[in-house]
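**Student:** Let the sequences and hints guide you as you build the complete structure.
Number of protein chains: 2
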Amino acid sequence: MENVSKIWLGPLPQDSPYVKPFRLYYVQNGVEKNWDLLKVHDSVAIILYNTSRQKLVLVRQFRPAVYHGIISSAKGTFDEVDLKEFPPAIGVTLELCAGIVDKNKSWVEIAREEVVEECGYDVPVERIEEVMVYRSGVGSSGAKQTMYYCEVTDADKATGGGGVDDEIIEVVELSLEEAKRMIQQGAVNNSPPSCLMGLMWFFANRAPGAKA
Amino acid sequence: MENVSKIWLGPLPQDSPYVKPFRLYYVQNGVEKNWDLLKVHDSVAIILYNTSRQKLVLVRQFRPAVYHGIISSAKGTFDEVDLKEFPPAIGVTLELCAGIVDKNKSWVEIAREEVVEECGYDVPVERIEEVMVYRSGVGSSGAKQTMYYCEVTDADKATGGGGVDDEIIEVVELSLEEAKRMIQQGAVNNSPPSCLMGLMWFFANRAPGAKA
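Read top to bottom, the protein sequences are chains B and U.
Going by our numbering, the first residue of the first sequence is number 2, and it counts up by one from there.
Going by our numbering, the first residue of the second sequence is number 2, and it counts up by one from there.
Just to be clear, a hint being listed does not mean it is correct.
Identical chains blur together in the list; that is why a pair holds if it fits in one copy or across any two.
Here are the simulated BS3-like cross-link-like pairs (lysine-lysine), alpha carbons at most 30 Å apart as the crow flies [what the hints assert, rightly or not]: (1) K7 x K21; (2) K76 x K7; (3) K104 x K76; (4) K106 x K158; (5) K158 x K56; (6) K181 x K21; (7) K181 x K158; (8) K7 x K85; (9) K106 x K181; (10) K106 x K7; (11) K104 x K158; (12) K85 x K21; (13) K21 x K76.
Note that these hints are calculated values from the structure, not bench results.
**Tutor:** So this is what it looks like as structure tokens:
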């Protein structure tokens, strides 16, 4: 699905709307220190469970930052990439439906829009339950993410999903057994900790037979 | 514990060893796209459980990136911070013992060193079990983190911990009940998803009475 034919690297433009790097200076116990960090957008993520078919609904996509992270860990910095040595498929992730908070709307409304845009389920905000709020990237960005849980049925399916504009996002349905294996295996699918945490929360609190 | 007396912001220097921002260009389905991202260090995190006193061992510290993330979400960019409006305590996090991979040593050895430096327990690598590998910051950095689990006893306690050089890290012991409340509450303590996930993993797999 990634269908990537060329990859190269350049400097970060000063006016990037997505990554704003800084050095923060502070005095702690009388000692001047500093910490390099960046501002990234806050975000939402949604644990989606289709009760009609007892499947968890996740998304697969090519993630440039993950692809870059893998290559730069392996060989340091680079200009253009040899796609035979590093096939783009290594940068594909399996994640919860998610999106950045970059509109003047409520967070749950942004979550609702991501669910329909990425996964094709059209549900009202009343059916989207807030699960947890946390800070990710505590060493680098400290961005806030709110996690939601939403049960959907086949009757809520309005479109095929797949993202907006030129996003290329594949909707993936996992059986409960497949999702359980995933939280045992970890990074096989380049999944972020928020996704693995969301699945663990689901099994502890909402899966058929869960105690809570 | 944070004892921070002044905070101000400056541009990221070109030669920052910690945050290296780039723009990655790629051609997907014939369309040229780009993504702003950064290279940060890969890292390790360790779920520490003191079996002598049935306590989970975590760390508290002032995190500049979290502090900056909270302020910039509230009011956009800034120069110097009014510490009355934004007390440094809002940037204190409760996390697993963790550290970046910046030495030419095995990852488990780096984990072992973080356990003794931050928390004061001196244990051989044979007692540190790999739990899971994942990518964090899939939208911005894609850095790899390996999570470990280690059981310690009071007999392993060699020092008070607290970090090296001018690090200021407070060791915190949580009862099982306190840790359970934490994974229900989420961001009360600015904890990152990896920490919440590690605690969920512990309760599902290693806590007294866990099934696994």
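**Student:** So which of those numbered hints doesn't the model satisfy?
**Tutor:** Failing hints, ascending: 6, 9, 10.
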